[in-house]
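There are 8 protein chains.
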Amino acid sequence: MKQGEDTSVDKNCEFDLDVEREERCGFPEVVYGQGKEVASIIRIFHRQLEQGQPCFATRVSAAKAKALQTEFAQGLDNRLARTFRIESPHAGAKVGKVAVLTAGTSDAPVAEEAMETLAWAGVNALLIQDVGVAGPERLRKRVHQFADADAVIVVAGMEGALPSVVGGYVAVPVIAVPTSVGYGASLGGMAAMLGMLNSCASNVCVVNIDAGFKGGYLAALIAKNRHK
Amino acid sequence: MKQGEDTSVDKNCEFDLDVEREERCGFPEVVYGQGKEVASIIRIFHRQLEQGQPCFATRVSAAKAKALQTEFAQGLDNRLARTFRIESPHAGAKVGKVAVLTAGTSDAPVAEEAMETLAWAGVNALLIQDVGVAGPERLRKRVHQFADADAVIVVAGMEGALPSVVGGYVAVPVIAVPTSVGYGASLGGMAAMLGMLNSCASNVCVVNIDAGFKGGYLAALIAKNRHK
Amino acid sequence: MKQGEDTSVDKNCEFDLDVEREERCGFPEVVYGQGKEVASIIRIFHRQLEQGQPCFATRVSAAKAKALQTEFAQGLDNRLARTFRIESPHAGAKVGKVAVLTAGTSDAPVAEEAMETLAWAGVNALLIQDVGVAGPERLRKRVHQFADADAVIVVAGMEGALPSVVGGYVAVPVIAVPTSVGYGASLGGMAAMLGMLNSCASNVCVVNIDAGFKGGYLAALIAKNRHK
Amino acid sequence: MKQGEDTSVDKNCEFDLDVEREERCGFPEVVYGQGKEVASIIRIFHRQLEQGQPCFATRVSAAKAKALQTEFAQGLDNRLARTFRIESPHAGAKVGKVAVLTAGTSDAPVAEEAMETLAWAGVNALLIQDVGVAGPERLRKRVHQFADADAVIVVAGMEGALPSVVGGYVAVPVIAVPTSVGYGASLGGMAAMLGMLNSCASNVCVVNIDAGFKGGYLAALIAKNRHK
Amino acid sequence: MKQGEDTSVDKNCEFDLDVEREERCGFPEVVYGQGKEVASIIRIFHRQLEQGQPCFATRVSAAKAKALQTEFAQGLDNRLARTFRIESPHAGAKVGKVAVLTAGTSDAPVAEEAMETLAWAGVNALLIQDVGVAGPERLRKRVHQFADADAVIVVAGMEGALPSVVGGYVAVPVIAVPTSVGYGASLGGMAAMLGMLNSCASNVCVVNIDAGFKGGYLAALIAKNRHK
Amino acid sequence: MKQGEDTSVDKNCEFDLDVEREERCGFPEVVYGQGKEVASIIRIFHRQLEQGQPCFATRVSAAKAKALQTEFAQGLDNRLARTFRIESPHAGAKVGKVAVLTAGTSDAPVAEEAMETLAWAGVNALLIQDVGVAGPERLRKRVHQFADADAVIVVAGMEGALPSVVGGYVAVPVIAVPTSVGYGASLGGMAAMLGMLNSCASNVCVVNIDAGFKGGYLAALIAKNRHK
Amino acid sequence: MKQGEDTSVDKNCEFDLDVEREERCGFPEVVYGQGKEVASIIRIFHRQLEQGQPCFATRVSAAKAKALQTEFAQGLDNRLARTFRIESPHAGAKVGKVAVLTAGTSDAPVAEEAMETLAWAGVNALLIQDVGVAGPERLRKRVHQFADADAVIVVAGMEGALPSVVGGYVAVPVIAVPTSVGYGASLGGMAAMLGMLNSCASNVCVVNIDAGFKGGYLAALIAKNRHK
Amino acid sequence: MKQGEDTSVDKNCEFDLDVEREERCGFPEVVYGQGKEVASIIRIFHRQLEQGQPCFATRVSAAKAKALQTEFAQGLDNRLARTFRIESPHAGAKVGKVAVLTAGTSDAPVAEEAMETLAWAGVNALLIQDVGVAGPERLRKRVHQFADADAVIVVAGMEGALPSVVGGYVAVPVIAVPTSVGYGASLGGMAAMLGMLNSCASNVCVVNIDAGFKGGYLAALIAKNRHK
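Protein chains in written order, with our numbering: chain A, 9 to 236; chain B, 9 to 236; chain C, 9 to 236; chain D, 9 to 236; chain E, 9 to 236; chain F, 9 to 236; chain G, 9 to 236; chain H, 9 to 236.
Warning: the hint list may mix true and false statements.
Stated by the list, open to error - Here chain A is said to cover these stretches of chain D; the calculated rule only asks that three of the stretch's residues, wherever they fall, bring their Cβ under 8 Å from a Cβ of chain A:
no.	stretch
1	176–190
2	199–208
3	223–236
To be verified - Which chain E residues face chain F? A few, computed with CB under 8 Å, are given here:
no.	residue
4	Arg32
5	Cys33
6	Val180
7	Leu205
8	Val214
9	Leu226
10	Leu229
11	Asn233
12	Arg234
If you're looking for bench data, these hints aren't it; they were derived computationally from the structure.
Fair warning: this is a prediction, and the values are worked out from it, not measured in the lab.
For each residue, glycine too, the CB sits at the ideal point set by N, CA and C.
Assemble the whole structure, with the sequences as input and the hints as a guide.
Listed below in structure tokens is the structure:
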């Protein structure tokens, strides 16, 4: 009941398969894998495939991922992100552009979850790693790569300062994803989260700690709507 | 000494078997199973059965449950709720009606503990699952099922918003049970608990995080007293 | 009593006058007086009186209360509770019984708000003051006065220990109302609130700090439903 | 509304007038009025008017607003929002659509600041008030009014539950603005903020407590970019 | 480096054996066993025995206790308290009287550590268990047993209410020892600790969570000094 | 000193005059002056004087103190401590010795309240000011003055380090009184209080922030009992 | 700037004038002006002038500053910093170089206190304002101005991100001074302070919120010692 | 992603090998070993050795240390500090002097990490252990050993009082490193950290909990710059 680290978001909001969801909410249903039987995931995925929907599960353990791969040879298993995804055969070309920036390499799993979410959502995505604020030139040299994005996701732990700096470079929303990377006074990501909420950049908004899926989902909505 | 997750409530309030308790407090004694020898539980249950009382233990591990089942073949072991219960042969018909609602499937163990408590207390109970606020129609379609209850127990983690919504639909007490379901800024259930305490619905009260037993006990008191 | 802005609860939940509310929620609408123009309160009260409903406003300042008294000579102004109330001419006899206990005299304003709420709701109420835990005999001598209540409201600040003790004496719900009475480590009532949530008595539930109205409302619902 | 020093966001990020800012960041500079001499604001506004830019100051006290109105007869002073604004004569037609929802009337000042920000940014805006979760039908009847917005801003204090409910109705970003409305366990808006960060709706992001300007700015960016 | 649960107190204050300590501080040195080599403990004990001092180690693991018992056959190993103790052959008769009360059986390990500390210090001690506040008669029947003590130690978790009640019965210091017994809103013992610090009884003081040794040490000082 | 409402402790525990209290609890009743009518204080004092008891009121405002002085010419008004006291004509010689140490001059009001409490209780007291840890020689030169006390009260804000240092010099209980002196990370005295609770000295116990009365009361109990 | 009682640091550590302090601690005594009689400050300053020491008082109110200016015509009153200072006639040339950076104009009072402290200490100081992280080019253009400093003081509120960025540009200690500038989730400067403590730059250390004096004192020690 | 206890600091700020770093930041790059492949560390070390740089990795597990030792026979593995270090053959004589003090033996791992950092940086270092405040004479006897240091690092958990005491003895910066040593109210080192931030000594600054590397790095910068 008391669970550790989930980065996905629909844990407490399980649905019966809701095939009109795409119309109402913009995207089909996503399976939150933690605490769910692999048989259930397989059943949901088969129904989604029948509907021509792409399939996506987050927080999938190695054992479950193996079972899913056996059932769905075409599926894409990302062990760093802990996701499993099946592209729809009817998927059109990807649209828009979202950049995912990380402060350090330890933030990679959360960033990967955001990347997989963007791929599932049909949005072009670019990962730019290790541009933390203590090496300010590293970020500066990469600005041209993300200045034209529809939205920027910034994944950072510790002091959570990167979103404010990024916010000063772009004219699009910056979605800040605090991570639990850090120790001591990082308070499990709370210090980064509070810092991001206090950002002096006007275009920074924040999601829960380690919520890579949510960051990706929001950015995808923005990009998709813009290019509709 | 430092213990993890208990959902029951009398841990710190162990009694010698107090056979007049039913008269004074409305219900016979409940055994908090955590940290108690199975032999002690068996001894207490035998004494309660002699008195014609129903028996109920919460926080019973799988090993203890197995030993109890061997001793008491008629006992009811609920592994999701982690409870073990023996109905009294003198039990009358169940009275009243309490609805137990959950926001998501992860809240099920806490809800089950409340359901078992209601069964032990002799109160009719209805479990309505997965009616979290992000799918508002799901709750709306079920209102007729719980509108006539004597009390409603709402079990929810994460943002803990469901009790406020339920409170607007009913003219009975809503007992909010926050759960430790969530991650990051959920702070082990504190975010849900604070949200519930700030509910703008006037008929919402709150118990401790994961305290399914306490929620069930309070609702049972209300239902029993109403139908006395 | 060190209080924030208000002890009442519908601040964030303002309604257009909702005359069917009584049917759906058990009681007519209550006016949260803080931050509301006295002219608006007068207008709402006139409409409620036309409907034959009782009128009740919480968090009414002295200036507003004076204006209300001028307009409604029959109104009852309680300066300790900061409420203003007009009884309905169609009001039937009061029903049930709710006891309101305080730990100390400083808790009186919150207790009075609960008492006024019970009066408005048509429920018999008894105020028992100054029975804090450090003088255990004081409570003990009064048990016979509240043992037969439909619900007990316990108002206490500082360590918030009184609800647990009361819970051991009665077979009805104990609604704990923490108050902001205290200093230093009382953290504005948070210490009392946390203590009450951790109560080892199974029949204790909790509402927000200084929420006398909410405590009264919940107890009134329980009493009214029981005597319907 | 119990507010700290300010609801606007660029307090710590004062600029020399940066006339290229519009190009880099999407919008011209905004003056954070708190702690700034009115003479400075007047000087900045004159420079911005020379550049054909719209002018906007947040957190403007009544005294400063009066001085600004004397200097700029064409200016728009909003006392509820505490803003002062001068439209550009070169302003084109407003574009897009953003809905601003409040849970209760006490949230109005923060919502008004968001509304003024949207007006300054040249985005069509719709204010929908008093649709808090404890009266679920009130929101439901208004869904058709905001379902086609480019983004939805949800302003709520206390338990902060409204953004999750709204998130289930729309396929656009929901920008949650927690307010300091509440008392006791609301912890000055922290309870609402934590609740929003734990939202089970995938399309909810969060800004600082009482940050109406930031909410409006983000929504405006999304709407402007979509309709470019 | 990050350590879980220690109840002893000299962890951060390790001494070279300081044989004059008894004179300056009232008692000889105590060995904090956690993170200390058993060989070191043995060496210290031999030196203390040579000096005719009693030996006492807290937080001794089962493995270390076994090694100590092999070396010192006369030693007293208390597995519940996790202590190991060797009485001095020169020990005089015990003096004074300290009562150790617990709210529930889960508080026993902390209470036992206090009992062992009192034994080591040469003070008579009486353990009174399971007198938590939700069963107020249980405490009342035992008052005569501790009313004449030199000091009372009250060990309690959850809401931490017991010290206030005990404080009203005695004319001696009540040393409150909060325990980490509890779940959810108990915050690892912080709720109990805050409650005890807010006690309305004037004779209650508080030590760290689970600090049975410290509680015992303080009570022993009071008793010893009184009977010197 | 930034204080909340009060430094005294019986706020929530008001009594009817309880003339046997001295026998049961060691001392007669103390009047907590805050929020109490001066007429009530006068009435209580007259009754206490009739019984030959000493009178003591804490948290007495300047206006109330003036009225008390007019009524009781023999009374002792201490404006720094905010207390008013009348010695009993039957008072015997003072007994014992308690030292009250402060870290800095800003801690004086809390220390004075402790001093007045000791005077009322009939215990000899010595005030030693400004011996904070950053000037370690200052304390060292005064050790001989308090080494023979029955108990030592240490009043300190900011980092609250002084009790640990004092604890190493004496063989009696050290009662640590944290004060709200400090700013920023002192969190209104919480930092000092947490530091004191973590003291590595075994003879340190803690009371609430700014609780000078409670510190004095506990020390007086220890001294009185020792010299009975 | 929302400040508590004071930004200076010796409040709790008052000394009798300690004329050897300069030798032992590197600098003469500083007067913490808050809560100190102006007559006392004048007396201390006269004694310091006799010794040929420079005089410095922090947290001096306008009224006290006026009295000091009347007494000491040569004194330097800085109303923004709230300091009063008298240079020693024997003062040698200033040495070293310390840069004081602020994130925004609201941080100016804390920065000024640091500047005055550096002037009193005889260290060259340079103030660089408004180089907050959301305008990254502003800082970059000024790096050459502080790259050769002996130490850099960074004063910032809100998210407190600036020290990390500055840390990446210099090979000297960066002393981070969090300020209480901000609102809502800034928690009175705690968010900035936590962010700074989690800085990923290895050369960043932190002092208390609004502690401009302490930041200046530490930087002065480093600069003075380097140029001795 | 959620990581326990790291004492090093560049976790979130991973670099490609940056050979000019020494010039810009004063020291070559340090490898944060946690979560990094040993093959990567070996590759980085080989490149650093080619450049004639000293090599240093913190948070190195036993398994990784063994592999590093096999590859680099000349490397120095410190298991208490969990570091691995290779001295440069071109290293000059060590300069300056830094003292590292601990309050208790449990603080040793953090102190050792600081010692290794100082060795890597080429600074003379002296370790003084077990001088916690509860035995004040222990520190006093050692003052002459660290009074002439360029900087003092004080490593302490629990109440974190030692830096204030040390600060009163020296005229150089005191870098306080709080440790997670403690239990209960130590809150994983937060109590020590808050205490240190509130230090009444003007020359104390603070780094993150258990951040031995950061403490050493800062002290080394101060010492190196002073002796350049």
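Hints versus structure:
1. 176–190: holds (count 7)
2. 199–208: Per the Cβ count (5), the hint holds.
3. 223–236: Coverage by chain A holds here, the residue count being 6 at a Cβ distance below 8 Å.
4. Arg32: Cβ of E:Arg32 sits 7 Å from chain F, so the hint holds.
5. Cys33: 5 Å, holds
6. Val180: 6 Å, holds
7. Leu205: 5 Å, holds
8. Val214: At about 5 Å, which falls below the 8 Å cut-off, the nearest Cβ of chain F leaves the hint on E:Val214 intact, so it holds.
9. Leu226: 6 Å, holds
10. Leu229: Where the cut-off is 8 Å and the nearest Cβ of chain F is about 6 Å from E:Leu229, the hint holds.
11. Asn233: E:Asn233 check passes; min Cβ-Cβ to chain F is 6 Å, inside 8 Å.
12. Arg234: 5 Å, holds
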